[in-house]
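These protein sequence lines are chains A and B, in that order.
In case it helps, our numbering puts the first sequence at residues 1 to 227.
In case it helps, our numbering puts the second sequence at residues 1 to 325.
Hint data in this document are derived by calculation from the structure and do not stem from the laboratory.
From the three backbone atoms N, C-alpha and C, an ideal C-beta is built for every residue, glycine too.
The hints are all genuine.
Quick list of in silico lysine to any residue cross-link-like pairs, SDA-like style, CA-CA up to 25 Å:
#1 A:K161 - B:G144
#2 A:K66 - B:V236
#3 A:K161 - B:R142
#4 A:K161 - B:E141
#5 B:K28 - A:N61
#6 A:K155 - B:G251
#7 B:K28 - A:E199
#8 A:K179 - A:D156
Computed, partial: chain B to chain A, Cβ under 7 Å:
#9 E143
#10 I189
#11 S237
#12 T262
#13 T273
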Amino acid sequence: MIEAAGEDALLIRFGDAIDSALPAQIADLCQRIEALELPWLVDLVPSYTTLLVIYDPITINVLDAKARLHPLLSETPSADQTKAEAADSRLIELPVYYSEETGPDLAWIAEQKGLSVQQVIDRHTADTYQVYAIGFAPGFGFMGQVDPTIACPRKDTPRTKVPAGSVGIANQQTAVYPKPSPGGWQLIGRCPTVLFDEENLSLLKAGDRVRFVSISREEYLAQGGQL
Amino acid sequence: MKGPGAIRHGLRVINPGIKATIQDLGRKGIRHHGLARGGVLDLRSAAWANKLLDNDRNAACVEIVLGGFRAEALSACEVSITGARADVTVNGKPVEMWQSLFLAPGDELAIGHARHHRLIYLAIRGGFETKEWFGSRSVVEREGLEGCGPLQPEDELPADSFDAPQGAPRIAPPQAWQWLECPPVLGLIPGYQFNQFQPADLRRLVTTEYAVSDESDRMGYRLAGTPMADPPPGIVSEGIVPGAIQVPGDGQPIALLADCQTIGGYPKPGVITSLDCGLLAQQLPGARVRFEWTDVLSAQNQRRLFERHYHQTVWSEDGRSLHWR
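Bound conformation, chain A alone (with noise of 0.2 Å):
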């Protein structure tokens, strides 16, 4: 389904609720779109279930791009097909330093859980995530889906300053924190990787599968990482 969503954009919904299957689909489409080289696009802005194709208004009207990317929708892989691609997607492996003084919610969490701190790291290192959208902050990815049983509610007041690298969870989201910004979300532990910078631009796309892995203190010093 596309529809216009303003003066520049065309919105392409691929279902109404969050599901593992649809990031691969929209990558796929966007290659797709990519593939074609249009010179009226401007930009291609995935998220959980949609797809926000982004043009230049003065060269194509709204009916010609509509026109243009109908046809790819009908060539939408089947959900096997797009399982198979999902294997293939790209597997991005982000280290992460647990621990109280980099994860100040890590021992609430576990509190509230019925659980030992250990557990909730290796529920949050057993699964591996999909990239569902990049937004918030620039190179902010949202992740999922976590482990019910660590799921947790944002904090009631959200922090004024969350640091660079910061690991965090959102009910059933998980993400790191690029740069130091305001946030609200349970604060596990820390990231040395570089996930935005001005030359390279995000390191995470929609579409990516991400998987956690825990490393000690001197890892994570060693990898560049901050106390």
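Starting from the structure of chain A, add chain B where the hints point.
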């Protein structure tokens, strides 16, 4: 922004006022990294500032919030000032806005406080050649990129060298600014969650007035009016565009503007047209605005006509009118 030893052309900021930033038409192709588009809030005023100088359409200018800006010419240059009305002087002597203006080296340009509206644009012949981020000179303050912030006293704004004024100064025709004096009625293109809003709430949106609140910046303007009775619940976050009207649970709309986030989870009944985003952005806190429904093709035609006028008209010799090529 200082080039030691280099010959300096352009302006030196003496006082930027409350807030002044460099803006062009914004960044392209970077929103999927979570970066905002940025760009001038008021397309019309900024375009006229550049048109007065025959600049490239995307030339960077200074967007000055509420006025109070002072700068010194480092070299001979030609500038133009458009947007909200303010008293403007060169070396203390009054000069007109909406005209091209010659400055000699050492001249002091002073822009007073904006009356009735919010944004003033200062352009220079050839455009300001400040640092680019992601292919654009637009500054998005909230992203906190190093060096990408509002202007500070002593900042130098480089521009191309300029020899001497050629021909008569240009004077913008009344159509350049008349729209700003009209009661603000903003064209709204239905979209996104339009169908999930209650008919009574949609009617309220286009039949009542909204006041621009104090909580208004380059990310968006909060509007206050009769709240919607029953806005739809939050949605799964999706890509949003500047101009989108989002309605949180309190039923009071927020109009997103150039520096807005790239994805969001509030329901949206529609998107303000690109030119009317400028009309909204020009309103001061307390000003009242109305919405009226329009459609995508009408909005696109209006914008295309505006762009075509920019590219396909030339100044008459006396600088007082424009003619189609």
